[in-house]
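Read off the chains here:
Protein chains: 2
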Amino acid sequence: MGQGAFVDLYELTMAQSYLRQGLTGEASFAYFVRAPVPHRRFLLFAGLDPLLGVLEGFGFGEDDLAYLEGLRLFDGAFLAHLERLRFTGEVRAVEEGEVVFPGEPLVVVTAPRIEAQLVETVLLNLLNYATLVATKAARIVLAAGEEAVLVDFSPRRDHGVEAALHAARASYLAGFHATSNVEAGKRYGIPVAGTMAHSYVMSFPDELRAFRAFAHDHPQPILLVDTYDPLQGTRHAVQVARELRQVGRELFGVRLDSGDLAALSREVRAILDGAGFPAVRIFVSGDLDEERIQEFRARGGVAWGYGVGTRLGVSWDLPALGGVYKLVEDDRGPRRKTSPGKVSLPGRCQVWRDGFRDVVGLIGEQGEGRPLLSVVMEGGRRVAGPPDLAQRRSVVREALFSLPPALADLSPVADPHYPVELSPRLGALTAGGR
Amino acid sequence: MGQGAFVDLYELTMAQSYLRQGLTGEASFAYFVRAPVPHRRFLLFAGLDPLLGVLEGFGFGEDDLAYLEGLRLFDGAFLAHLERLRFTGEVRAVEEGEVVFPGEPLVVVTAPRIEAQLVETVLLNLLNYATLVATKAARIVLAAGEEAVLVDFSPRRDHGVEAALHAARASYLAGFHATSNVEAGKRYGIPVAGTMAHSYVMSFPDELRAFRAFAHDHPQPILLVDTYDPLQGTRHAVQVARELRQVGRELFGVRLDSGDLAALSREVRAILDGAGFPAVRIFVSGDLDEERIQEFRARGGVAWGYGVGTRLGVSWDLPALGGVYKLVEDDRGPRRKTSPGKVSLPGRCQVWRDGFRDVVGLIGEQGEGRPLLSVVMEGGRRVAGPPDLAQRRSVVREALFSLPPALADLSPVADPHYPVELSPRLGALTAGGR
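Chains P and C, in that order, give the protein sequences.
For the first sequence, my numbering gives the first residue as -5, with consecutive numbering after it.
For the second sequence, my numbering gives the first residue as -5, with consecutive numbering after it.
Next comes chain P alone, as it looks inside the complex (with noise of 0.2 Å):
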């Protein structure tokens, strides 16, 4: 029981007249992302499992009633039918994990009118964040290559502890290896991985003993090599290399979080492999996203693996998604609303896939090609237990490296052609108006 009263209160003022005016019938409504989004080419839909856990547990509390009636906005009729109101509804949704367009139906709520009104905000907050971060991952796992090893960093520059949480999530079902977030590792089964801080090489008296102490406590230490100066701390972290190799061990990285990120990690490539040691790995981190690494890489950078944080994590050249939760249909048919520049689509509608062609028809059309939608939630209840998302995430980067190119390309474009059309009928019936 819970997240009732994380509502925009339109939602509950609507839903109060609804029950009034009787208009308590079965309703649709449809998430999108109307087009188009500046700077991508695709969307990697995510936050769905988050979601539909959401709507199992959809309610209002005891002390969500009483704050509500002190607003005196609210009548007992409507209180009480709160009281009792679970989300009993109908989910058809894409997968997660799957590449989406704008001006797709990603998910379609059926549902009472008002369950499926209240669960409005909460929907949009998940569906919103969760796709704009594994979007950006995407985007982020194509710049750094198939043999690139990458770590979620933001925790610290998230939008809150929930918000890193749906970070490490999104960002591993796109294709991330890891997270340094301990308690999205504890809660989602994601490794976690880390290497060391500014801190405490400065908590010793100088860099080569805190390096060795590092280095005898950590069992793969990769040892960062920039507090003071990043080619002094390697020639440090390569007498370490040496200390330990003659106890048996490995040095396993070095990690670089300033400067000149391409040039330094030649240089440090340079010594570690002149002095013996040319299977120790460099770490780079430091304000990274898609396009830095992409520059990393075409100035001759060398890494093993990247660090990326605060543009993972907050999308930093896209920071929200307009998606939108549109009514689409009710026991009078098919509806669309007409404003300005804010046109939607009506009717329950499925998307088919046949190559990179989409088409969005109505459910019951004959569609070529996969149908993205499925039905997720029965009667307010999943139908199948979470995602594995180790293996979703291996099907996800596959379909990611095998993207056609005009897809794939990460250069920023104002206006991106989506390849999506309408089926005859429903062209038809968009054509048709109100």
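None of these hints come from the bench; they were simulated from the model.
From a predicted model like this one, the values you see are computed outputs, not experimental measurements.
There could be a bad hint or two in this list.
No copy labels: a pair is met if it fits in one copy or bridges any two.
[Said to hold, decoys possible] Using 25 Å as the maximum straight-line C-alpha spacing, the simulated SDA-like pairs for lysine to any residue come out as follows:
no., residue 1, residue 2
1, K180, V48
2, K180, R260
3, K180, E50
4, K180, G379
5, K180, G51
Add chain C to chain P, keeping to what the hints say.
Okay, now just chain C, sitting in the frame of chain P:
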């Protein structure tokens, strides 16, 4: 008990090493924002009380410890140390809602080194986001002016449910009047507000019937007039306003959410005034931020209030704040790192404000003006209850509208100049290297 596992993995591996190495004495860390912050002439500090609440409950639960044990990175002695660990330190901090600048220590934590280290992730996460969104909100308050009503409409685009709660709290602290977020209203005592959605209008056979129903069912109706055509919608609103007046009621307002808001608002005002309803308010929304509100006003737009969502809650033009938490002092004295471009101030510092000239010096120095940091937590307990948000909000609004023009200016600036100086003793210490 909780939040312990919301930590970057390296905090734990470093902490285990500190324990083994006997580095368990007191250490001080400072939270500050490195200069410069593009497009921000000041910051509004926020997030402290939520952080202090987390620190009071900081610790590792059984499930956390079981998970950590399974990682095979930690020994029994360290896990036993974590099981007993609470935050027992001192926190000095600036008051929430204070106007502050990059380069100034905003929070100074002094605690046994392992405690001080382990709270880093959650401290940065909470302070960075709250200060980011409070700062964005303060700019929007300045743009809207002293007369305008501002409502937080961000829940559906914020990065998770928790982010939306922080956004509502921080924007209210910064001078907003209300939030649409019912849970935030319940939790923080923030006034809640809302209008109606396009889906409500579409749920009726026509707009006029929808308006009539809503006005009947809501004590202070604000009618959304742009589902189909905003001027026709306004005429429908006028008709409903006339019907309400016949029964002794008044229409509260109309809302515009799309199109050319400035031009439409003038046309809507003219229709309302011409029909004898000069007191009916115009509320505008739709991807607003400080720049768009300034433009709306400059173009003669007429609004009683603004709903601000996406661009507030994600701080659209600057979606992350690079606040850092650095070791500044331990039992060997003041500490600092010297990585290129990442220099930090050594020692436990205070900030003195004399007009809008700020001087950063060492605790114990005799500064001129008002000291900004005070002790807010001792022995891991808050020294006072949570701040009175409504009262702080009044103080903040007054401070914002009294800012000198050079700071209140909202125009973009790549490299703002901040009025922050170092005291002679701190200057000498900083010049002396590590």
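To see whether the hints hold, each was checked on the structure:
1. Taking CA atoms no more than 25 Å apart as the test, K180 paired with V48 passes in both settings, with 19 Å inside one copy and 19 Å between copies.
2. Taking CA atoms no more than 25 Å apart as the test, K180 paired with R260 passes in neither setting, with 36 Å inside one copy and 55 Å between copies.
3. Taking identical chains as interchangeable, the C-alpha atoms of K180 and E50 lie at most 25 Å apart whether they share a chain (22 Å) or sit on different chains (22 Å).
4. In this assembly of identical chains, K180 and G379 lie within 25 Å of each other by CA distance solely inside one copy; the values are 18 Å within and 33 Å between copies.
5. Proximity of K180 and G51 under a CA criterion of 25 Å is satisfied in both settings, with 22 Å inside one chain copy and 19 Å between copies.
In the structure shown, a violation is registered for the earlier hint numbered 2 alone.
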